[in-house]
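Undergrad: Sequence order for the protein chains is A and B.
Numbering follows our numbering, with no gaps: position 180 of the first sequence is 180.
Numbering follows our numbering, with no gaps: position 310 of the second sequence is 310.
Careful, some of the hints might be misleading.
[To be verified] List time: in silico DSSO-like cross-link candidates among lysine-lysine, alpha-carbon distance up to 27 Å: (1) Lys137/B with Lys67/B; (2) Lys101/B with Lys343/B; (3) Lys122/B with Lys147/B; (4) Lys137/B with Lys48/B; (5) Lys343/B with Lys167/A; (6) Lys122/B with Lys235/B; (7) Lys89/B with Lys120/B; (8) Lys180/A with Lys210/B; (9) Lys48/B with Lys104/A; (10) Lys73/A with Lys129/B; (11) Lys67/B with Lys129/B; (12) Lys88/B with Lys180/A; (13) Lys167/A with Lys235/B; (14) Lys120/B with Lys67/B; (15) Lys101/B with Lys88/B; (16) Lys67/B with Lys235/B; (17) Lys88/B with Lys165/A; (18) Lys235/B with Lys333/B; (19) Lys332/B with Lys107/B; (20) Lys104/A with Lys116/A; (21) Lys48/B with Lys129/B; (22) Lys165/A with Lys195/A; (23) Lys101/B with Lys167/A; (24) Lys67/B with Lys165/A; (25) Lys67/B with Lys167/B; (26) Lys332/B with Lys101/B; (27) Lys101/B with Lys129/B.
Hints are computed from structural coordinates only; laboratory data are not their basis.
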Amino acid sequence: MTDVAGAMGAGRPDPAGNRPTLDERRLRRRYAAERRFKAYGIVAIGIAMAALAWLLFSIVAQGYQAFVHTHIKLEVFFDAQQLDPSGRNTPEALARGNYGAVYKSALRDRFSDVRKRRDRRALYSLLSQGAEDDLRAMVLSDPSIVGTRKEVWLTASDHVDMLLKGKIDRDRPERERPIKDRHLAWIDSLIADGKVETRFNTRFFSAGASREPELAGIRGAIMGSFFTMMVTLLLSFPVGVGAAVYLEEFAPRNRWTDLIEVNINNLAAVPSIVFGLLGLAVILNFFGVPRSAPLAGGMVLALMTLPTIIIATRAALKAVPPSIREAALGIGASKLQVITHHVLPLALPGILTGTIIGMAQALGETAPLLMIGMVAFIVDIPTDPLSPATVLPVQIYLWSDMPERSFVEKTSAAIMVLLGFLVVMNAIAIYLRRKFERRW
Amino acid sequence: MNKHIMFAVAAAASIGVATAAQARDQIRIVGSSTVFPFSTAVAEQFGKSTQFKTPVVESTGSGGGLKLFCAGVGVQHPDVTNASRRIKKSEVDRCARNGVKAITEVKIGYDGIVLANSRKAKPTEITLKQLFLALAKSVPADAEGEKLRDNPYKMWSDIDPSLPKRKIEVLGPPPTSGTRDAFVELAMEGGCKQFSAIKAMRKKDKKRYKAICHGIREDGAFIEAGENDVLIIQKLVANPNAYGIFGFSFLDSNADRIQGTAVDGVAPEFETISSGEYPVSRSMYFYVKQAHIGVIPGIEEYVGEFTAERAWGPDGYLVDKGLIPLSDADRKKINAAAMSGAKLSM
Chain A
1 MTDVAGAMGA GRPDPAGNRP TLDERRLRRR YAAERRFKAY GIVAIGIAMA ALAWLLFSIV
61 AQGYQAFVHT HIKLEVFFDA QQLDPSGRNT PEALARGNYG AVYKSALRDR FSDVRKRRDR
121 RALYSLLSQG AEDDLRAMVL SDPSIVGTRK EVWLTASDHV DMLLKGKIDR DRPERERPIK
181 DRHLAWIDSL IADGKVETRF NTRFFSAGAS REPELAGIRG AIMGSFFTMM VTLLLSFPVG
241 VGAAVYLEEF APRNRWTDLI EVNINNLAAV PSIVFGLLGL AVILNFFGVP RSAPLAGGMV
301 LALMTLPTII IATRAALKAV PPSIREAALG IGASKLQVIT HHVLPLALPG ILTGTIIGMA
361 QALGETAPLL MIGMVAFIVD IPTDPLSPAT VLPVQIYLWS DMPERSFVEK TSAAIMVLLG
421 FLVVMNAIAI YLRRKFERRW
Chain B
1 MNKHIMFAVA AAASIGVATA AQARDQIRIV GSSTVFPFST AVAEQFGKST QFKTPVVEST
61 GSGGGLKLFC AGVGVQHPDV TNASRRIKKS EVDRCARNGV KAITEVKIGY DGIVLANSRK
121 AKPTEITLKQ LFLALAKSVP ADAEGEKLRD NPYKMWSDID PSLPKRKIEV LGPPPTSGTR
181 DAFVELAMEG GCKQFSAIKA MRKKDKKRYK AICHGIREDG AFIEAGENDV LIIQKLVANP
241 NAYGIFGFSF LDSNADRIQG TAVDGVAPEF ETISSGEYPV SRSMYFYVKQ AHIGVIPGIE
301 EYVGEFTAER AWGPDGYLVD KGLIPLSDAD RKKINAAAMS GAKLSM
């Protein structure tokens with residue numbers, strides 16, 4: 001400061017007749033240095049923003065199409081012979097109907113000139129196996145359509161979907177693309193009749209994992225993440241806050257508490273795969289928690305989140321001014337009353353922020369789950385913390401390594417969903433801080 | 001809040017006493033990442049078409065899977081393991097030590113390992129010998145392979161003028177991968193033993209022979225690109241000069257962007273791999289723990305689904321996923337053996 005003031009003073013011609021030109025140059029250099037320094041900062045922010053924008057753009061550009069899927073409209077005869085051969089008309093009997101035969105005969109009716117067995121197989125591949133599920137859902141919601149003829153939209157196969165989304169180049173030589181010339185002829189005829197449409201892909205949000213890209217959904221992974229996060233929260237929040245309150249408010253300052261403090265800080269820096277190994281050795285092999293269960297995953301992630309919560313909570317407790325504690329003690333409150341009535345409520349926004357950030361970190365973690373069997377193909381949607389499950393980041397990892405091309409967009413779409421959850425969690429953290437924060 | 005969660009968490013967290021491993025009603029499968037795409041397809045079909053729960057399939061690698069599989073008998077251990085190579089004698093012994101005595105072996109089909117590059121570049125033809133010379137750590141200095149030297153080849157055309165005038169740049173799987181094991185054994189060793197002096201060494205000094213034939217160069221010409229084959233393909237598309245090594249199913253589903261290199265004059269195609277003409281192909285297996293049949297419901301039915309014509313036959317759904325089927329006679333024989341629970345003996 002004094003330097004700047006001196007330089008400013010030297011700018012004016014002074015009575016001693018010093019050289020003002022030189023000082024002016026010095027002054028200009030100082031300003032230039034300051035401008036350069038500002039420019040470095042702007043460049044740094046620019047690089048960071050560009051990286052983020054590029055990341056988001058590439059993910060969205062690759063993945064936005066996964067939220068829609070191609071459907072084909074066909075006139076289907078809901079043949080009672082196939083769907084309800086016993087004639088009982090109960091939901092159980094209807095659920096077991098041969099829906100494959102129904103959509104296949106609808107395709108044969110539409111393209112009645114296809115006769116050879118091989119050609120017919122190719123024709124059936126226009127539609128996904130999911131078409132059976134579509135038909136089953138229609139019949140179960142309205143059994144009276146059995147025996148009638150109706151035009152309905154059915155899920156197309158992933159190759160047809162890729163073609164219509166422009167991911168398969170139809171000008172390539174025939175042997176280089178999964179869609180052959182005869183498929184193209186059929187699809188073009190359907191398009192000409194206005195029987196092809198892309199519709200919102202509800203399956204992506206309602207189905208579990210699948211080997212067929214058009215049937216794969218993230219509901220299983222979302223539920224798995226939900227149960228895992230619940231276990232993590234229920235374990236790490238009370239333990240973390242308890243530990244922090246003791247260390248901050250009750251513990252004497254001695255060598256032992258210093259040692260504990262150092263260890264907590266170190267624990268926060270331990271690579272997450274180490275927690276996975278610990279989980280395998282202790283939680284699975286010693287406690288006998290079933291492999292792949294969200295309970296095991298949640299316990300491992302709770303260990304990982306604990307240091308974050310303890311450190312954030314201690315910082316929040318420290319930020320409560322001592323005058324509040326002293327005032328409460330001064331009018332006769334007990335130590336417990338001071339903490340539960342005054343300190344904790346005032347520190348809560350900081351504690352919650354720390355917890356949510358810790359949870360968001362845990363939500364994006366895959367490495368520790370590898371060891372405890374949560375990196376697996378699991379079709380059934382988990383219903384409780386003991387049924388096998390996987391989590392969102394693991395689902396992204398598994399999809400990214402699938403040979404089928406359509407999984408590329410599914411991967412990006414799942415990343416968008418995961419990012420969405422992270423943004424929501426961080427927004428909640430910011431909201432809580434804004435709402436409850438008090439300044440002294 | 002769900003009472004179940006609260007209870008489970010409280011039970012596990014507060015007491016810290018072993019929660020008894022409960023009975024399992026779901027098949028657990030571990031093993032090779034190469035067999036994973038097929039195994040998961042069967043598991044999904046099995047779950048849809050039977051009243052059993054869909055099996056859980058973990059991708060742990062062939063070796064990792066067999067380790068878990070051989071750890072013992074009981075519900076906490078997996079029932080089936082997939083492998084992109086045959087079980088080793090040492091693994092059978094390990095299994096036996098842990099009480100896993102009766103194992104059924106099921107061979108499911110073939111997988112070709114391909115050397116591929118971007119369609120933007122010209123297709124290449126290569127021999128196993130040239131491939132060995134391009135990728136080995138040390139190569140013969142003379143025609144017989146008496147003397148060895150560090151691999152001096154920088155360009156493909158340094159090895160043979162018929163090969164492209166481009167830098168040698170090959171992206172491949174890391175040593176933990178079964179694909180790498182198979183590539184080294186089939187392609188590298190296949191080219192290596194064409195040198196008579198090295199071949200003669202096999203009998204005298206097996207260790208040295210292996211070190212020469214299985215050693216991949218580490219000077220940057222061979223790039224370990226991780227287990228993710230999709231990533232390798234993306235890199236190949238971006239860099240037309242590079243080649244990649246991965247399973248045939250990835251070539252098959254990306255045939256519009258990459259092309260396979262013909263090895264010893266045989267192009268990697270469905271027909272050439274299934275007939276055994278293409279030199280770099282391997283068999284895939286899965287192993288079933290007999291002691292779990294009858295304890296975990298549905299194991300026999302799962303084996304039945306896998307070995308049914310609608311799955312592994314020439315028109316089956318696994319072929320759509322890239323499996324190269326066994327011959328009709330082999331399928332019949334293996335299906336019969338698998339369903340009768342034939343025990344593996346080595």
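Undergrad: Would you mind marking each hint as holding or not holding in the structure?
TA: Going through the hints against the structure:
1. Lys137/B with Lys67/B: violated (30 Å)
2. Lys101/B with Lys343/B: With a Cα-Cα distance of about 9 Å, the restraint between Lys101/B and Lys343/B holds, given a limit of 27 Å.
3. Lys122/B with Lys147/B: violated (34 Å)
4. Lys137/B with Lys48/B: violated (49 Å)
5. Lys343/B with Lys167/A: violated (47 Å)
6. Lys122/B with Lys235/B: Cα-Cα ~17 Å, so holds.
7. Lys89/B with Lys120/B: Distance ~45 Å between Lys89/B and Lys120/B Cα, so the pair is violated.
8. Lys180/A with Lys210/B: violated (46 Å)
9. Lys48/B with Lys104/A: holds (19 Å)
10. Lys73/A with Lys129/B: violated (55 Å)
11. Lys67/B with Lys129/B: It is violated: about 35 Å lies between the C-alpha atoms, which goes past 27 Å.
12. Lys88/B with Lys180/A: violated (43 Å)
13. Lys167/A with Lys235/B: holds (18 Å)
14. Lys120/B with Lys67/B: violated (43 Å)
15. Lys101/B with Lys88/B: Distance of about 14 Å is within 27 Å: holds.
16. Lys67/B with Lys235/B: Measuring from Cα to Cα gives roughly 33 Å; hence the hint is violated.
17. Lys88/B with Lys165/A: violated (47 Å)
18. Lys235/B with Lys333/B: violated (42 Å)
19. Lys332/B with Lys107/B: Given that 27 Å is the threshold and the Cα spacing comes to 12 Å, the pair holds.
20. Lys104/A with Lys116/A: holds (14 Å)
21. Lys48/B with Lys129/B: violated (48 Å)
22. Lys165/A with Lys195/A: Holds - the C-alpha atoms of Lys195/A and Lys165/A are around 16 Å apart, at most 27 Å.
23. Lys101/B with Lys167/A: violated (50 Å)
24. Lys67/B with Lys165/A: The hint is violated at about 44 Å.
25. Lys67/B with Lys167/B: Violated: Lys67/B and Lys167/B sit about 40 Å apart, past 27 Å.
26. Lys332/B with Lys101/B: With Cα atoms ~25 Å apart, Lys332/B and Lys101/B stay inside 27 Å; holds.
27. Lys101/B with Lys129/B: Violated: Lys101/B and Lys129/B sit about 42 Å apart, past 27 Å.
Hints 1, 3, 4, 5, 7, 8, 10, 11, 12, 14, 16, 17, 18, 21, 23, 24, 25, 27 from the list above are not met by this structure, while the remaining hints are.
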